[in-house]
Amino acid sequence: DTGVSQNPRHKITKRGQNVTFRCDPISEHNRLYWYRQTLGQGPEFLTYFQNEAQLEKSRLLSDRFSAERPKGSFSTLEIQRTEQGDSAMYLCASSSDLTGGETQYFGPGTRLLVL
Amino acid sequence: KQEVTQIPAALSVPEGENLVLNCSFTDSAIYNLQWFRQDPGKGLTSLLLIQSSQREQTSGRLNASLDKSSGRSTLYIAASQPGDSATYLCAVTLFGNEKLTFGTGTRLTIIP
Chain A
1 DTGVSQNPRH KITKRGQNVT FRCDPISEHN RLYWYRQTLG QGPEFLTYFQ NEAQLEKSRL
61 LSDRFSAERP KGSFSTLEIQ RTEQGDSAMY LCASSSDLTG GETQYFGPGT RLLVL
Chain F
1001 KQEVTQIPAA LSVPEGENLV LNCSFTDSAI YNLQWFRQDP GKGLTSLLLI QSSQREQTSG
1061 RLNASLDKSS GRSTLYIAAS QPGDSATYLC AVTLFGNEKL TFGTGTRLTI IP
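Going down the list, the protein sequences come from chains A and F. Under my numbering, the first residue of the first sequence is numbered 1, with each subsequent residue one higher. Under my numbering, the first residue of the second sequence is numbered 1001, with each subsequent residue one higher.
Looking at chain A on its own, in the form it has when it is part of the complex (with noise of 0.2 angstroms):
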């Protein structure tokens, strides 16, 4: 088990740019998260999947934002037509709803800048 992973670790893109980021959760883990931190602040939540179903989805995640989960493994965020607020670190969490506690294993985090 190694944890929850994410890619690219960094990312630096000229604003009007898509960005996608990958989120490999720790395999027996049905569910996963996406959050997004910026400086000094706590993470917010963007959306979350049951396996493949995606089940709820913040305000924060406009049309802008896509986030898939096509086989119930690994996760994508995208997002289109990139700005300067979009600036963040993204954060991937996992967790199973099979063992109870119920506990979110996070990743490293992908940290976004847009000029």
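Check before you lean on any hint, since a few could be wrong.
[What the hints assert, rightly or not] Think about it this way: if two alpha-carbon atoms lie no more than 27 angstroms apart in a straight line, the pair counts; the simulated DSS-like pairs of lysine-lysine are:
| # | chain 1 | residue 1 | chain 2 | residue 2 |
| --- | --- | --- | --- | --- |
| 1 | A | 57 | A | 14 |
| 2 | A | 57 | A | 71 |
| 3 | F | 1001 | F | 1068 |
| 4 | F | 1042 | A | 14 |
| 5 | A | 11 | F | 1001 |
| 6 | A | 71 | A | 14 |
| 7 | F | 1042 | A | 11 |
| 8 | A | 71 | F | 1068 |
| 9 | F | 1001 | A | 14 |
| 10 | F | 1001 | A | 57 |
| 11 | A | 71 | F | 1001 |
| 12 | F | 1099 | F | 1001 |
| 13 | F | 1099 | F | 1068 |
| 14 | F | 1042 | F | 1099 |
| 15 | A | 11 | A | 57 |
Don't read these hints as lab results, they were simulated from the structure. Note that the coordinates shown come from a computational prediction; the quantities given were computed from them, not determined experimentally.
Dock chain F against chain A, hints included.
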């Protein structure tokens, strides 16, 4: 809407001291509460999870307590070490809602 507050925003203590970090939440109908540690520029490391039916959890030098009725949790760190320096975040989930709602964290510095 659930709001989570952590006070103080920053705390410095000499090595070896015991310390308490505070977390308060506005909606007492929580399902569970988690404490995390975050090192600068890094992801979050889960420290302790307390279910709503529990009063406390312990792991090594860490002890977390939960008082649902007053909307408060504390994280007690015994015999602090310089390696404990980090930002500590608490987060709650509500029944029927899987998302974590975070506080803004307490930045802890242990002075050698």
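Consistency of the hints with the structure:
1. Annotation: proposed proximity of residue 57 of chain A to residue 14 of chain A holds, straight-line Cα distance about 26 angstroms (limit 27 angstroms).
2. In summary, the hint linking residue 57 of chain A to residue 71 of chain A is supported, as the alpha carbons are separated by about 19 angstroms, within the 27 angstroms threshold.
3. Taken as a hint, the residue 1001 of chain F and residue 1068 of chain F pair is honoured in the structure, with Cα atoms around 16 angstroms apart against an allowance of 27 angstroms.
4. Distance check on the hinted pair: residue 1042 of chain F and residue 14 of chain A sit about 23 angstroms apart at the alpha-carbon level, within 27 angstroms; holds.
5. In summary, the hint linking residue 11 of chain A to residue 1001 of chain F is not supported, as the alpha carbons are separated by about 33 angstroms, beyond the 27 angstroms threshold.
6. Taken as a hint, the residue 71 of chain A and residue 14 of chain A pair is broken in the structure, with Cα atoms around 31 angstroms apart against an allowance of 27 angstroms.
7. A hinted pair counts as satisfied when its Cα atoms are at most 27 angstroms apart, and residue 1042 of chain F with residue 11 of chain A qualifies at roughly 15 angstroms.
8. For a cut-off of 27 angstroms, the pair hint linking residue 71 of chain A to residue 1068 of chain F is broken: about 38 angstroms separates their Cα positions.
9. Straight-line distance between C-alpha atoms of residue 1001 of chain F and residue 14 of chain A comes to about 35 angstroms, which puts the hinted pair past the 27 angstroms bound.
10. Using a Cα cut-off of 27 angstroms, the hinted pair residue 1001 of chain F and residue 57 of chain A holds, with the two alpha carbons roughly 16 angstroms apart.
11. Between the alpha carbons of residue 71 of chain A and residue 1001 of chain F the distance comes to roughly 33 angstroms, so the proposed pair goes past 27 angstroms and is violated.
12. Restraint check for residue 1099 of chain F and residue 1001 of chain F: the C-alpha separation of about 13 angstroms stays at or below 27 angstroms, so the hint holds.
13. Taking the CA atoms of residue 1099 of chain F and residue 1068 of chain F, the gap is near 18 angstroms; set against the 27 angstroms cutoff, the hint holds.
14. Distance restraint check for residue 1042 of chain F and residue 1099 of chain F: the Cα-Cα separation of roughly 20 angstroms lies within the 27 angstroms cut-off, and the hinted pair is therefore satisfied.
15. Distance hint between residue 11 of chain A and residue 57 of chain A is fulfilled; the C-alpha atoms sit about 24 angstroms from each other, no more than 27 angstroms.
In terms of the numbered hints stated before, the structure departs from hints 5, 6, 8, 9 and 11, listed from lowest to highest.
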